[in-house]
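S.K.: Next come the chains, spelled out residue by residue.
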Amino acid sequence: MSILLMVSRAGAGSVICASYGETDLSTQAEHSSTNRRDFLFVATGAVGAVGAAAVVWPLINQLNPDASTLALASIQYDVGPIAEGQSVTIMWRGLPVFVRHRTAAEISEAQAVPLSDLKDPETDEARTKPGHEQWLIMIANCTHLGCIPVGESGDFDGWFCPCHGSHYDSAGRIRRGPAPKNLVVPPYEFLSDTLVQIG
Amino acid sequence: MSEHSTYVPGNAVEKWLDDRLPVVRFAKEHLMDFPTPKNLNYWWTFGAILVMCLGVQIVTGIILAMHYTPNVAMAFDSVEHIRRNVNGGRIIQATHAVGASMFFIALYIHMFRGLFYGSYKAPREILWILGVVIFLLTTATAFMGYILPWGQMSFWGATVISNIFTAIPVLGESIKQLVLGGFAVGNPTLNRFFSLHYLLPFIIAAVVALHIWALHVPGNNNPVGVDVKDSRDTVPFHPYYTMKDLYGMVLFMIPFAWFVFFAPDILGHPDNYIMANAQVTPAHIVPEWYLLPFYTILRAIDFNVLFIDSKLGGVIAMGGAMLMLLIVPWLDTSKVRSGVFRPMFKWFFALFAINFVGLMYLGAQPAEGIYTVLAKVCTGYYFLYFLVILPVLSRIETPKPLPTSISESVLGKNAHA
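Going line by line, the protein sequences match chains A and B. Number 199 marks the last residue of the first sequence (the numbering used here); no jumps. Number 417 marks the last residue of the second sequence (the numbering used here); no jumps.
Here chain B stands alone, though its shape is the one from the complex (with noise of 0.2 Å):
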């Protein structure tokens, strides 16, 4: 797909340029004539739904953290202040800590999107692996950025996710005092998260341009699954494909303003309004809402298996949960990708999706009771999903018949309409 170029410099200048530093020619290559397949859904966008993501908090939290103080006995106040007065603070400070939830729904779109289309099969599994990775880098920041507010969650949350490490056998403590730098979270873990939480938003930025370089060998799938045959299957990204992107942004920042303007601490929990507390744990410690389906699959695991206790069990889990991901390129064998024509998969990847929800609102309820049996049902069926149904549908499923281009495909869907 790489030749594709139709840049021809229009001056001496561009030409002289484009000698020495063809910017100019890979800009027009990789931003405006690149060939994208005409059939693009809205859930297409959300690629360039997350870049926004992406730029919106690294331009707020360059902000907050001219006003911001990364030290236990400032912290909690500096953020108030940054709330209370600094010229627009309120509003910058709300941006960035709404835009994390908002970075997350687009993110949890833009991954079911790639599960129900096949996104992740040949030649994409690199693509999608950078995909894994660009998630974890940000959930790592996420969580370290949460830390940095230093209430109630902040730290309860910083000390719980520390405690993971524990579980390992042997080297699990002295792995926590080097993640802390102390015997439990205190000063100089707020200021290496403060450090780091700065650091990754780049490291994801780099991630996000190998990403695009991936996707731009072998092009964008598309929701028919098939592939670009020829010239009639593709438009131009720009103006067909900037355009839908940039509309769809507009329709994303509407919910985005809202919570912002009218709501913006409704996501959060009312006991990070409360400083930090070394001695005093809240009733209930709850992740951000991003989080919870995998905390839901730590706290499932309250048994022991063999010789693993139930701590590293959980541990296990949860790592397992989100490593599994790297390797649903070789799980799910179909040779059609998009779910449209999966008769069987269209179902069950209906019931995955509906069960991470149930994860989510699992690990939001307390530890007991019917919601314990209800998280191991649902941790079983995410597992179940990869590692069973994946691999089993591949072989036992007949798919229907895939229209012959995606230009058949699109002038059939008119012919009906």
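Pulled out of the complex, with its shape left as it was, chain A reads as follows (with noise of 0.2 Å):
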């Protein structure tokens, strides 16, 4: 603020001194430590960085997902065609779903697991719904980088990103590397028995 009025004092009195002499046209305002050329000067220059703001915004907003990106935000899957032991992956937002019809081995070594042993500790029912144990649908990206993982591998019975060693077990949480976070579970519905909506 102050280097702006220094610049502004300055201006002020090169253009006086250039057509008339800075003597002539100085008044007691232009002493002080403010004045109407300062005011002028702030004003104009905030306005314009506000327009400046506003024309830069819609240049970089045009990044962001676009309206036919978007649109893509809901499917509807049946997963009745899925035996136990079966994984499909879809695609949702561009992004690929694991849905997976988990075993009974799975379920209960899932359930087994204290909270204690893990690194981002979230119990199987919170990742699955009521009624809908089986069904385990997550977002196939490990949250490290977003690899693939690989499934039924790995040192836990669930899934195995081969890029950076994460491996996640079989209710498809982070159990050892360097991924931080369990597999996403988005948000999704059982609208019948086996029909599912995702988004």
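Hints are computed from structural coordinates only; laboratory data are not their basis. Please note that a few of the clues may not be correct.
[Stated by the list, open to error] The calculated lysine-lysine pairs, modelled on PhoX-like cross-linking and capped at a C-alpha distance of 25 Å, are:
#, chain 1, residue 1, chain 2, residue 2
1, B, K38, B, K376
2, B, K376, A, K119
3, B, K28, B, K38
4, B, K38, A, K181
5, B, K335, B, K400
6, B, K335, B, K346
7, B, K176, B, K28
8, A, K129, A, K181
9, A, K181, B, K335
Note that the coordinates shown come from a computational prediction; the quantities given were computed from them, not determined experimentally.
Reassemble the complex: the two chains are provided individually, in unrelated frames, and hints are given to aid placement.
M.R.: This is the structure:
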């Protein structure tokens, strides 16, 4: 602020000097700490800055996901044909999503894990829908850097990410490796016994 | 060093031009008469080689853009179209792809040259910082260029690197979506990366102009690192260094041409000849070789530090490893520039260079077993070198006596030979 004021005073002085000579037009106001010219200078600068920001914003905002991308926000999928022990990968919003029909052994193994063993504590119940515990639906990108983990592998009977070595258990929870979070469960609901709406 | 103009306009037209736009005078001062230390060795030719590399990438890149289609459905095929159908496209595409690798070979040699001979020390800090900026811009450009063929490595490389943004607390996911233009890498991503990949080389060229400007204020450093004292220490840039640089370029073009003509794909990854598939990750995601050292540092942090989780920690380490270069002039406070006269520095520097190659090797290995341990060790030394070894050596090391002038060091060497 003080720099602005200094510049404005120097500017005022030089203009006056060039045309009439400084002393002739210097008034009491121009020698006080702020004056009319300073106010106009700051006010113009402020309006200019707001205007520039208003112009720049759409230039940045165009980078955000467009309407056609956002339109894919919700899909329906029939999980009926997936046999026990089988997984499929479907696409939702351009992201791959795992739908796994878990075996009874996998479910009980996941439920038996004490929360204190977990890096990102979350119960198996919180990651599935009541009455549909056999269905595990998760975004298939490793929470580390987005690779797709390999199913039915790793040291915890779940998923293993080959990129940087993260191990997930049979509920898709991070157990070892650099990933910070469990595999993300997208918002979804069962519309009927087998029809799922994701998003 | 601006008082060395010997330019006298030769005729009335040159005089007329010189009074209005003195480009001839400028060229004569900076490209011909510029006083250059007479002891520069071949490590100093890489600056000119890099200018050549940038030129090759721009020319071949503009041509490729005439035949390439930045659309997820057509990008992969359009690159194959260039390689198979376009007249001479096989060579032009290979020159651009191999050219990126050759660019980085020259860039790393140029940077290690600067690190060994202390070219970052006063009064060349800005020159060095501009060089680091060029390095960062080139890295970004190369990364975006690698996305364009839309192969498996293109796609998954982009996915992994863009997920780095999600390590940023709170705003991470929004920033990632802003960068990608979607929830995952897709057509908007490919489009904007193509646009930026075309733009950035011209920004690099502008920073190169500043880099050379900053070079021509203090003049070149040199292998003994003592300042130029009088005109006996220098020779005019032309013809002495124009010819030496040209010879360096010719030598550099031999392996370049070998790769282009006989092994255009050897530096790439076979997975990138499979079209991008959002549902299958390649078994090992490996970036291009020139990014491997920093990729290793990213992966090496697989443990939490206080409130910083492993992911954010890895990103901070990788970013820090690159940005560290910006402050090297203030970490190494030794008054002696050239590593030749620093008996202890020499060994730590050699170890640093080996360590860098080690990091590069480890980046291509799977993240398991002994490799993760070695990655931590090498990452540790990388930071130790800059943050501890350089500042401490500056204080405890006794350098060897310096020659009193460049001229004396050159004559002395001849006398012993």
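S.K.: Hints broken by the structure, by number, lowest first?
M.R.: 1, 4, 7, 9
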